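Undergrad: As given, the protein sequences belong to chains A and B, one line each in that order.
For the first sequence, the numbering used here gives the first residue as 1, with consecutive numbering after it.
For the second sequence, the numbering used here gives the first residue as 1, with consecutive numbering after it.
Read the hints as simulated data drawn from the structure, not as lab findings.
Just so you know, nobody snuck in bad clues.
Heads up, incomplete: computed chain B residues facing chain A, CB under 8 Å, no partners named: (1) G22; (2) I24; (3) D28; (4) K53.
Quick caveat, the model's predicted, so the values are computed rather than measured.
By construction, the Cβ of each residue, glycine as well, lies at the ideal position given by its N, Cα and C atoms.
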Amino acid sequence: TKKLPYQPPTATLVTREQEVRG
Amino acid sequence: MQNVGGESLLVPIGARVVDVNGIIVLNDTARCVWELLAQERSVDELASAVAEKFDVDFANARVDVQTFLDEIAHLQALQS
Numbered sequence: 001t002k003k004l005p006y007q008p009p010t011a012t013l014v015t016r017e018q019e020v021r022g
Numbered sequence: 001m002q003n004v005g006g007e008s009l010l011v012p013i014g015a016r017v018v019d020v021n022g023i024i025v026l027n028d029t030a031r032c033v034w035e036l037l038a039q040e041r042s043v044d045e046l047a048s049a050v051a052e053k054f055d056v057d058f059a060n061a062r063v064d065v066q067t068f069l070d071e072i073a074h075l076q077a078l079q080s
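Please work from the sequences and hints to get the whole structure.
TA: What follows is the structure, encoded as structure tokens:
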């Protein structure tokens, strides 16, 4: 009565320039 | 924290907009830690909660949680 698969915690910054990017 | 399209996002508001140049995307483990940080917690408490929920041992969880806290502190999303 099972754990979730683990990935190390990560925080990725998406900059305003990347956000902006037919 | 906002949940948009299944992604967990930290969106700076107010004066923080100037400090943080964009938004921060968290993965599932990071979201779990972030939610726990609604209250002041020790690294051991956070690692213990992660090890309980995810398939990882306490020692590895502790190292990864500490690295994550350093990351978000560097991104100015955390006050220690």
